[in-house]
Every structure is written in C-alpha cells, then in structure tokens.
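S.K.: Taken in order, these protein sequences are the chains called A and B. Be aware that the first sequence starts at 1, since it is given in UniProt numbering, and climbs by one per residue. Be aware that the second sequence starts at 1, since it is given in UniProt numbering, and climbs by one per residue.
By construction, these hints were calculated from the structure, which means they are not laboratory data. Take the hints with a grain of salt, since some may be wrong.
Result set (BS3-like, lysine-lysine): computed pairs, CA atoms no more than 27 Å apart in a straight line [stated by the list, open to error]:
| no. | chain 1 | residue 1 | chain 2 | residue 2 |
| --- | --- | --- | --- | --- |
| 1 | A | K17 | B | K264 |
| 2 | B | K119 | B | K221 |
| 3 | B | K119 | B | K132 |
| 4 | B | K264 | B | K221 |
| 5 | B | K132 | A | K17 |
| 6 | B | K221 | B | K183 |
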Amino acid sequence: MRREGSPFTGVGVVFLKEYADHLGSVRMRVLEILVVLIGVGFTALAIYNVRKTIQRDDFLFLNLFLYQQEDSAVPSLLGALAIVIPLLAIGLGFDAVNSEFNRRTMSRILAQPIYRDALLLGKFLAGLCTLATGLTALWLLIIGIGLLTMGVPPSSEEVTRGIAFLIIAITLAGVWLAIAMLFSVIFRSTATSALCALGLWLFLVIVWPMLVPSIAALVATPDPLANRVGLLSDSQIDWFFGLSRISPSGLFSDAAMVVLQPQTDAAILRTPTVGMLSQLQGMVRGATLPLNESLLLAWPQITTLIAIVISVFAVAYIAFQRQEVRA
Amino acid sequence: MTDTVIEIRGLRKDYGRAVAVAGIDLDIQRGEIFGLLGPNGAGKTTTILMVLGLTESNGGTVRVLGEDPVRNPLAVKRRVGYLPDAVGFYDNLSARENLLYTLRLAGMPRAEAIARIEKAIARVRLSDVLDKRVGTYSRGMRQRLGIAEIIAKGAEIAILDEPTSGLDPHATLELLDMIRDLKADGVAVLLSSHLLDRVQSICDRVALFNRGAIAMQGTVKALGQQVLGAGHAAHVEADGVDVEARLRGVAGVQKVERDGRGWKLTADRDVMAEVAQAIVQGGGRLQRLATAEPSLEAIYTRYFEEHKDAA
Chain A
1 MRREGSPFTG
11 VGVVFLKEYA
21 DHLGSVRMRV
31 LEILVVLIGV
41 GFTALAIYNV
51 RKTIQRDDFL
61 FLNLFLYQQE
71 DSAVPSLLGA
81 LAIVIPLLAI
91 GLGFDAVNSE
101 FNRRTMSRIL
111 AQPIYRDALL
121 LGKFLAGLCT
131 LATGLTALWL
141 LIIGIGLLTM
151 GVPPSSEEVT
161 RGIAFLIIAI
171 TLAGVWLAIA
181 MLFSVIFRST
191 ATSALCALGL
201 WLFLVIVWPM
211 LVPSIAALVA
221 TPDPLANRVG
231 LLSDSQIDWF
241 FGLSRISPSG
251 LFSDAAMVVL
261 QPQTDAAILR
271 TPTVGMLSQL
281 QGMVRGATLP
291 LNESLLLAWP
301 QITTLIAIVI
311 SVFAVAYIAF
321 QRQEVRA
Chain B
1 MTDTVIEIRG
11 LRKDYGRAVA
21 VAGIDLDIQR
31 GEIFGLLGPN
41 GAGKTTTILM
51 VLGLTESNGG
61 TVRVLGEDPV
71 RNPLAVKRRV
81 GYLPDAVGFY
91 DNLSARENLL
101 YTLRLAGMPR
111 AEAIARIEKA
121 IARVRLSDVL
131 DKRVGTYSRG
141 MRQRLGIAEI
151 IAKGAEIAIL
161 DEPTSGLDPH
171 ATLELLDMIR
181 DLKADGVAVL
191 LSSHLLDRVQ
201 SICDRVALFN
211 RGAIAMQGTV
221 KALGQQVLGA
231 GHAAHVEADG
241 VDVEARLRGV
251 AGVQKVERDG
261 RGWKLTADRD
271 VMAEVAQAIV
281 QGGGRLQRLA
291 TAEPSLEAIY
301 TRYFEEHKDA
311 A
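Isolated chain A, as found in the complex:
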C-alpha cells in the first residue's frame, strides 16, 4: 500500500525545535566546556613542545592535531578526539526518541500531519548540527591559538587538510549519534539506552584496540622468518588491518592520520599505525604526498564511516516505524 504525502513534511520544524533545545541545554554547556578545555590544553602542550624543535616543518599547524609527547600516557589531540567525540554524540542522542515517550509527547506529536520519518530525521540532523557546531568551534580555537602563539599563518594546503579532518570528525560524530539514537528507539528506558550505548563505546573504543593484536596473532598464519626478525607476517598485518577497522574509531584514526600527515616517513617513525602502513605501499621514501593522493587514500575509510551512519540510521528508522505509539 502506498502512502501519500511527502515523508519530509515537518523535518525543518522538528530540526529547528530540536536544535534550539540542544543549544539551550545543559549538555551544550558541558560540550562547550569540553571544547575549550581540550582546545586550549592540547594546543598549549603541543605548541610548548613544537617551539623547542628547531627542525623545519612544512606542516606545522597539522602537527598541533597530532603532537604526542614521547613516553607519555597523554594521547595526541587526535587520540583524545577519538575518545571524546563518541561520548558527546551519545550524550546528545541516547534519549532522543524514548524521552518523547516518557514525557508522553510522542502520540501528540505523531497526531500532527507529519510522518515518523520527519521526526527521526529532524532529530538526527539537529544532533549532528549541534556536534558540528561544537567541533567547528574547537577547530577554529586550535587554529586561532596556533596563529597567535606561533605567528605563522597556515598554508592553504594545511587549511584544506584541516577542513578535511573536520569533516571526518563530524562523520565520526554522526556514526555515534546514529548508534545512540538506535538505542533510544529500542529501549524505552533512557538509563538502559545510555548504558548500552556507553557499553558499546567502551568496547569499540577502549577494549577492541587492545584485543586486536592478540586476535591477529592467534588467527594469522605465522611466518617463522618474520617471527625470527621480530616483525609481523603479511597475514598478521592483514588481520590486524581488517580487525581494527571494525571499530569506527579505528576508521577515524586511519583516515585522519592519512589526511593530517602527508610526510610518510616521519609518520612511520613517530606513530606507526595501520593507515601509515597502507600508505607506504608504492611510496617514495621521504616524499610528501599531494593533497588529492591523501584524500584518495582516506576515501575508503570516509565512505565506510558514512555507510555506517546510513545503515545504523536505517535500522533505527525501521525499528521506529514498527513501534507501537501507545506507551
């Protein structure tokens, strides 16, 4: 049976209302505080150390995102974002749908001439815009502090790479927002929904990266020669790649690294990660990768992230359509 009328009637109204709600909420205040703390803290740390090096660096600004002190437990700004972005997204999305049921506003809203599509999509877009606002503010803050303290303007390529990174970060936020909203559709209790989303976050962001090397070592065919030299075998590397990309944060770090670090050898020496290894294939050592090549390398990860957003949202959508309205 075909239904009549556009599924997008009312998306704009829902979006504006939810966006205004988010911006005025306590959660937004928390997000703002986090943005300032992370921005100022990590940038100051990076600049303090970057100043000490006299080595010439063509991508000084990008280093602000990547700088990590040797032998320190403090992650780079990138690492911190990989942990914090999902948390922020969960914070905005975990009660998106079930709170409407708990406030008993759901049936009244759905009795208005809109489809359920509009409600879910409007809420998702509002959450994403809120996160994008916060992340853009953070990005501008970092660039601003960099400009003030280093006194060197960023090159146009650095700015472009920075914007690409911002978009990847917003995509990661979208993934976790969609996941949080899926839980908010499935569970009527906001507490259950929040706990499940946080549980998944804990597993994918913290636990999974620790498990991947051991699993890779267990399942991959060992190579006695490589083992003797203390290197990973080809099969182990393949498994390592595949497994670590299961986590959206793995995909995010991969893509962000490739975009932010065009100097391949420096990358390998400083932080050997999965993305670097794949980037090395067919590379001239010491050369700088042009922007479009970097984007091309990061493209599979970016599209995968977008695909995750769409498929998780689709599942949430189907679950929501089938839900009974009565509380």
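Since chain A is already given, all that's left is putting chain B on it; use the hints.
M.R.: Chain B in isolation, oriented as in the chain A frame:
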C-alpha cells in the same frame, strides 16, 4: 442534517493471539459528542489509534472525513485533533512555544499560528499563564492546554482519550464545559472514558465496549431501556396514605421499590400525571415526584453483571 465524519466497518486488531478489537462498526456524525465507554483494556484506545492511523488494523475499514487514515494519514491528521490519555508537553517550553511547535508541524504559517494560539488559550482560560513553562502547570491545566491545541488547529473532529481521568471534580466540570463548547463550534467529539456519571451528562450517544467488541450503542436513554428493562423511572415521596398500594394501583406501573425516604417506580410509559392523581385522591400529601434518568453507572454495572459469564 446527518453527516457522517467517522465511519468504521468491521475493524479488527490483534496483538499476536490476543484480540484487542474484534470487528466493530461505528458511525459518528458531525457536531455530536460520542462516548466510547468500557473498562480498561476493552479496546477503546486501540480503536482511537486506528482512527488516527497511528496503529495499523488487521482488517476492516475506517473512513475519516472520507479519507483512509492508513493510506492518507497526513490528510486525516490535518483535520483531526487528538488529546491523548495523560497528555504530555515539553516542560521546559512555555504553553505558547508548545502550541507553536505543533501548529508549525501541522503546516500552519507562523503569524497565523500565533494569532490562533492567543484566541484558543483565551477560550480555555489560560491567558495569564501563556508564557509560563508548562512544567509548572497542574494536570487540569495541561488537559485544557490540550483542548486549546485542538481549537487552535481548527480541527473538525476532536478525539479525546480519557480526558477527565485524574482530575478533581471542579477541573472535570470545567473541562466538560470546554468539550461542550467544541460541540457548539460544530466539531464532532469522540471521547473515551471509564468515568460514567461525568460522561453521561455530555454525550449524545455512547458505545459500550466489552472485550474488544461493542456490546451496545445508542443514546443513554435507549441503553437504559435495553439493559434495565425500564422505559420510565420515577422517584416518589409522599405520606398520609398507603403509598405503595396506591402506586401499584396505577395502570402501567411494573415495579415499586422502597428507595430511601421514598419509592422508586418503573413503568412502561409516562405515568407521572396518574401517579400524582392517585396519591392526591387517596388523601395523601405528595412531597416529591421526579423522573429519574437511567444512570449510565447502573446500566454499566447491570450489563457487566449479566455478562459475567461471557467476560
């Protein structure tokens, strides 16, 4: 003029093996107040949700203002106002913002919505708290705000689910007044309730729900005759004569019972004049003579007593 706004034929809904609504037929006319009555879980709310297209039926048809609420839900929802059981609003927003949101969802231009909200709020007497947060509202005020939403939306049909539950007697009376006002505007009102005496006073027709089916429908008076078997009931208070014997002597009287200080009689026709005459001629002093409307409560109780085996 009869003008059917809601037409339900053979409507069914089951949740797995449990039957919520088992094939009901209903017609609701423009400008009438129709009551869906019955115990909790009898299928009243499910019926309402199917009329609104918020739940899909398992069979049968619904036509609301000539439209199918499943196939063309937006057209139906644009013209129907709904006040759910224990209605909720966004507590952090004011009454004005809450209504503005729903009216904008209904596709109304902002300026028109603002003007309509002022008027509707005045009608439900909430003007002085229009810009207060709804979180500070009492239950009765929320229900009135829900009515204001229906008025502002300009709905042709108002569907109210348990509008008076949880309200104190004063708030209930106020709300019933507002429902009567809706009817005066030519709005068809469909309301569900398990509070019978209140509902009786405003409903033109009622349908008695039992286990997903409509046991009876019609005017309260017609149902009274059907269930209580009494065409006319009257209450008589008199002294100075053997009242009971006198009453029994009147042609048409079927039953005479002692009831408090007086007697309750049931007859197959209007016997008021004859009763008065019989008592006065016998030398008695007639102190009170009143017709008793069949009470919905009595009909309801009697019906469910008689159908206990079925239930």
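S.K.: Return the numbers of the hints above that this structure violates; sort them in rising order.
M.R.: Going through the list in order, the structure violates hints 1, 2 and respects the others.
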